[in-house]
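> Modelling step: build the complete structure from the supplied sequences, incorporating the hints.
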Amino acid sequence: MCHNAKAKTAGLDLERLRDPRAAQAERDIWENVAARVKNGSMPPKGVPRPAPESAAAVIEWADSHVRRLDAARKPDPGRVTARRLNRAEYDNTIRDLFGITFRPAVDFPLDDSGHGFDNLGDVLTVSPTLMEKYLRAANQVVRIALRAGPRAKPLMERYDAEKTGEAKYVPADPEGSRLVTKGGLIVRHRFPETGDYELRVAIRGRGVPEAPPSPLAILMNGKVVETVPVEVGQNQKRFWEVRAHISAGEGELSAAFVYPGADAHKKPDNAGAFDPERDAFYVDSLELRGPFVDAAKLPESHQRVFVCSPAQPGRFDYACARRILNNFLGRAWRRPATTEEVENMLRFVRMAQKEGDTFEQGIALAVRAALVSPNFLFRIERDPNPRDAATPHRVNGYELASRLSYFLWSSMPDAELMKLAGSGQLFKPEVLTAQAARMIADPKAEALCENFAGQWLEIRNLNTVTPDTRRFRSWDADLREAMRRETTLFFTEVLRGNRDIRDFADAQFSYLNERLAGHYGIEGVQGRQFRRVELSGGQRGGVLTHASVLTVTSYPTRTSPVQRGIWVLENFLGTKLPPPPDNVPPLKEDQIGKTASLRKQLEQHRADPACAVCHDKMDALGFGLENYDAVGAWRTQDGNFPVDTAGVLPNGKSFVTPAEMRRILREDPEALARNLTEKLMVYALGRGLEPYDRPVVRSIVERASKDEYRFGTIIREILLSQPFQMRRGEK
Amino acid sequence: MTQKHLSRRTLLRGFGTAIALPVLDAMSPAFAAASKLAGTNSPTRMMFCYVPNGIIMEDWTPKTSGRSFEMLPIMKPVEAMRQKLTVLTGLTHNTGRALGDGPGDHARAASTFLTGMHPKKTAAADISLGMSVDQVAVQALGRNTRISSLELTLEPGRQAGNCDSGYSCAYSNNISWRSPATPNPPETNPRVIFERMFGDVDPTETAAARAKRERYEKSVLDFAAEDTKRLQAGLGPTDRRKLDEYLTSIRDIELRIAAAEKSAASSVNLSVLAPGFEKPQGIPVNYAEHARLMFDLMALAARADVTRIMTLMMAREGSNRAYREIGVPDGHHGLTHHQNNAEWVAKIKLINAYHVEQFAYFLKKLDSIPEGDGTLLDHSMIVYGSGLADGNRHTHHDLPVLLAGRANGKVASGRHLVYGKETPMTNLFLTMLDVMGVRTGELGDSSGELNHLTV
Chain A
2 MCHNAKAKTA GLDLERLRDP RAAQAERDIW ENVAARVKNG SMPPKGVPRP
52 APESAAAVIE WADSHVRRLD AARKPDPGRV TARRLNRAEY DNTIRDLFGI
102 TFRPAVDFPL DDSGHGFDNL GDVLTVSPTL MEKYLRAANQ VVRIALRAGP
152 RAKPLMERYD AEKTGEAKYV PADPEGSRLV TKGGLIVRHR FPETGDYELR
202 VAIRGRGVPE APPSPLAILM NGKVVETVPV EVGQNQKRFW EVRAHISAGE
252 GELSAAFVYP GADAHKKPDN AGAFDPERDA FYVDSLELRG PFVDAAKLPE
302 SHQRVFVCSP AQPGRFDYAC ARRILNNFLG RAWRRPATTE EVENMLRFVR
352 MAQKEGDTFE QGIALAVRAA LVSPNFLFRI ERDPNPRDAA TPHRVNGYEL
402 ASRLSYFLWS SMPDAELMKL AGSGQLFKPE VLTAQAARMI ADPKAEALCE
452 NFAGQWLEIR NLNTVTPDTR RFRSWDADLR EAMRRETTLF FTEVLRGNRD
502 IRDFADAQFS YLNERLAGHY GIEGVQGRQF RRVELSGGQR GGVLTHASVL
552 TVTSYPTRTS PVQRGIWVLE NFLGTKLPPP PDNVPPLKED QIGKTASLRK
602 QLEQHRADPA CAVCHDKMDA LGFGLENYDA VGAWRTQDGN FPVDTAGVLP
652 NGKSFVTPAE MRRILREDPE ALARNLTEKL MVYALGRGLE PYDRPVVRSI
702 VERASKDEYR FGTIIREILL SQPFQMRRGE K
Chain B
3 MTQKHLSRRT LLRGFGTAIA LPVLDAMSPA FAAASKLAGT NSPTRMMFCY
53 VPNGIIMEDW TPKTSGRSFE MLPIMKPVEA MRQKLTVLTG LTHNTGRALG
103 DGPGDHARAA STFLTGMHPK KTAAADISLG MSVDQVAVQA LGRNTRISSL
153 ELTLEPGRQA GNCDSGYSCA YSNNISWRSP ATPNPPETNP RVIFERMFGD
203 VDPTETAAAR AKRERYEKSV LDFAAEDTKR LQAGLGPTDR RKLDEYLTSI
253 RDIELRIAAA EKSAASSVNL SVLAPGFEKP QGIPVNYAEH ARLMFDLMAL
303 AARADVTRIM TLMMAREGSN RAYREIGVPD GHHGLTHHQN NAEWVAKIKL
353 INAYHVEQFA YFLKKLDSIP EGDGTLLDHS MIVYGSGLAD GNRHTHHDLP
403 VLLAGRANGK VASGRHLVYG KETPMTNLFL TMLDVMGVRT GELGDSSGEL
453 NHLTV
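Chains as they are written, first to last, in our numbering: chain A, 2 to 732; chain B, 3 to 457.
Check before you lean on any hint, since a few could be wrong.
Per the computed footprint, the stretches of chain B lying under chain A, defined by three or more beta-carbons under 8 Å from a beta-carbon of chain A, are [what the hints assert, rightly or not]:
1) 97 to 107
2) 170 to 181
3) 184 to 190
4) 219 to 226
5) 232 to 244
6) 331 to 344
7) 379 to 385
Here are the in silico distance ranges between beta carbons for each label pair [unchecked claim]:
8) B:K122 - A:A391: 27 to 35 Å
9) A:G100 - B:G102: 23 to 31 Å
10) A:P49 - B:K423: 50 to 58 Å
11) B:K78 - A:G100: 52 to 60 Å
12) A:F510 - B:R395: 43 to 51 Å
Don't read these hints as lab results, they were simulated from the structure.
Here a beta-carbon is modelled for each residue, glycine too, at the ideal position from N, C-alpha and C.
So this is what it looks like as structure tokens:
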């Protein structure tokens, strides 16, 4: 017996827990015991296994014990600290509040994260720098969205390639395909007003007479505005001009040479004596002139705020001001405004009148103020008694609507949600479930991919990885985008298709385009469009085989079975690993793949029992993925050594190929289901989970298991759970 | 970016002849100091430049002390300025050590660097460290300039996952901390920094229009503060503290506006101050260009006296950036666990010297800008260093520290000073604060001021 009072292996003394009173406090231990015996990781290999009947008896006893304790326990929904909108939420909220595309938060400082997510109330702070940015952003939003005060004068702005850097890949359509180009240019520009703009593109370069013609495409937000032929000419500046109608806000303007059917990695066959200095076309600069505005046409964003206009044009109409502010505050603050709040805001309209400005300017000033109010910037929930931690209460309808919309959309509730919040209907389980389904089908739910999956699977880190291009010649920005796209589309499919979450572990399909399929060695996928591809042959399937995940868990020069193992254990299965001990001797990196395989070295490394405790688990999972190199391409050889992927999983089951490893993971979905539930709850609630949340997690996982582990079921059960619908005060 | 009004005949290159400041559009610039520039009492600037993952000390620490030491390869790029430099050896950050908290030396290296405090090991809610030296100076002096301090970095923080052995990413992404729970997140984008310094308002705005705009802005701030207080009334203690943070930020800005209003100057003529300097358009892809642009901005901020206190991270702590442009395709952090492999050590030395080379550019720049009786470098104190000495073994003693500038003649530069083992790094900071005229009894684990440094 390992876990008795004497041996206390892993600090655990189960004997003491035989006493039911002692066991009361130790619920989590028994939950763990049941799980470990169930998945076969306890007792460990080398120790005689109990007969199946006695193992089953242990599981049954521990399970029922935990259930009994949970039933007896007084439920506690916990409390969430007021959450400041993070960068993504701020931008999305502005987008939905005004109907403009403007991302002021790209200039905000990075949000800190905890428990793996950057939307936790306790972790999000406010600094004076951020406050400055809020004030400025509010000012800019109002200038862009509303037609108040002096019009923006037409300006000319020029972006030089010399200062912004060449863009090799220009995003060209929402499917994520890209125009591969040399010498393109992308700039982000804030268009102060909706109206016409003149774009003037200057190019240089002589061109190659033998090469196929390469038209110049001018794009606005990835849509081609115009394509112009570029002939071979002199190596001097040449200009093209187009005029386009552009909406106010942030936009991406680009110009790129289209090489039809060309692969960026191949040199043109018939390039001849190509002198890049002289011959290569490149975009020298982009100039913008505008806006040229039709003053009579008010933009939609303006009309959304100005729900009425003064009875006498040009005069101050306070009845109308009240209507406007009542409507606006109700949306911006995500709850109805009180009469006092509306009256208080009228001061800005009066101030404008006193200063000799217009009615519209007064409203615009009030809107600015509303956008820097904590009512807008924070999601604040009220308790009837903030110091009463013992009595849970339901959040109000509007608070529930915000919880729902910031969870699924990272943005404010829409009109339909607000209506259901006001009538109290939203609390009805069938209404809440139907709304969730509607919201998941909405394009705004991409935020859940971007923000939840981006952090859960760490694919956000694709932005910062830097594989060594001398070793991994295929790596470039196009491939990076393709990797991101695959995982995004795959996650979306599991979410929208309400699929079995076991698909994350192993699936028979993925989303690929020609570039990524080529990277994977899969034939028959042509063109830049991503499409669903049925997989066969066992090399790929599930996120563990996505190049995105395999790349963010690697070093620039090689794979890291340890990092990959940790990723699978922590991100995927939710196993908490203790930190490594101090003073661990590092690997002999220069010998990897030359005089010793990475596997051999790591095996020596974990001969030390102190290391073996965790590394046995981590390394087995990591080695199971060694068939994929540091950018996720398939390989059977690492340096001078054949790849050996065989291993034993924590549950004692052994495998030889990655496909077998994934099958085993798929067959034992409980850890994945619990982990995904926990991660989604942290993200949905905006707080870390506490011991009192474990019964909730347990019951959600149980229900999911009875419904084929559907993603939608987990989401629905979270929405219906106590922590999501209730809160309490604090001691 | 070049900008002009189509309706105007004259093409205004750059941002116009004069930038009407402010950022916050209301905060007009306390360019009071602009008038002082001609006089002799130039303000002293305090800056900190952080390099991650330690330095190969065998090629850093001079073999002899005093004036005639020989500069070793990593320090070579700053050789030309040696008379205005002080090399400090023997300083320690004891609070960066584990002290029972286990692994996480990178998180501790960055977080302890300017605070001298031991960070609380946590991944989330209860981040706790201490105020950093730059912010102690800001508390006393920040109101003298329009922006109290600038925080910059050449590498954004990690975007997902954990940063170091159970330490929140906040610990390795930031070196400036305004309170134990609140870091000042650094900015990566030169354009954003420029706009923060000089604003993006219409340069042709009239004085009357400007005054009105400022009245409006003040009323918006007043409202935000009132609204916060109203909201706080019905909240529990934690939520109230969150909103306190917000209120403090509003106050900070109000105070700066008040300070700015007292100053007579309302705009700075950049085309006179820094002819040819154009507004940055974004983040240069090339690391050295990015570094130089950031240093240009810091020099400009010092010159225009926008702020006197700045911090820059050459990369975040634990950075695994690859420096291909100098022939190092491997990640920096990965390399530092070199186990004395000669090829790896050589690569790290290249990175170490490359960082110093960027810093040398900054020093040359500051030294080329005359101010009062000397140059900007003469009127600055800039610490260049790391929170780790040996990145392979994660040591926190005998840290690499270089102090550039003479602080208006108060630092006796041109020497290599060797201090006794375990001398707290914070003693240097205490001395620097004293030079700035800020008296604090202690900072972090300080035990007193450093001897021999000042005249």
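> A separate judgement is required for each hint: does it hold in the structure or not?
Here's how the hints hold up against the structure:
1. Residues of the segment 97 to 107 of chain B lying with their CB closer than 8 Å to a CB of chain A number 4, which satisfies the three-residue condition for coverage.
2. For the segment 170 to 181 of chain B, the assignment as covered by chain A holds, since 5 residues bring a beta-carbon within under 8 Å of that chain's beta-carbons and 3 suffice.
3. Closer than 8 Å: that is the beta-carbon criterion, and the segment 184 to 190 of chain B has 6 residues meeting it against chain A, so the requirement of 3 holds.
4. Check on the segment 219 to 226 of chain B: 6 of its residues sit with their Cβ under 8 Å from a Cβ of chain A, so the three-residue criterion for coverage holds.
5. Counting residues of the segment 232 to 244 of chain B whose C-beta sits closer than 8 Å to any C-beta of chain A gives 8, which meets the bar of three, so the coverage hint holds.
6. For the segment 331 to 344 of chain B, the stated coverage by chain A is satisfied: 8 residues place a CB nearer than 8 Å to a CB of that chain, which reaches the threshold of 3.
7. Requiring three or more residues with a Cβ within less than 8 Å of a Cβ of chain A, the coverage given for the segment 379 to 385 of chain B is violated, as only 0 such residues are present.
8. Our hint of 27 to 35 Å for K122 (chain B) and A391 (chain A) holds, since their Cβ atoms are close to 29 Å apart.
9. For G100 (chain A) and G102 (chain B), the Cβ-Cβ distance of about 55 Å falls outside the hinted range of 23 to 31 Å, so the restraint is violated.
10. Taken as a hint, the range 50 to 58 Å holds for the pair P49 (chain A) and K423 (chain B), whose Cβ atoms sit roughly 55 Å apart.
11. For the pair K78 (chain B) and G100 (chain A), the supplied restraint of 52 to 60 Å holds, since their beta-carbon distance comes to about 58 Å.
12. For the pair F510 (chain A) and R395 (chain B), the supplied restraint of 43 to 51 Å holds, since their beta-carbon distance comes to about 48 Å.
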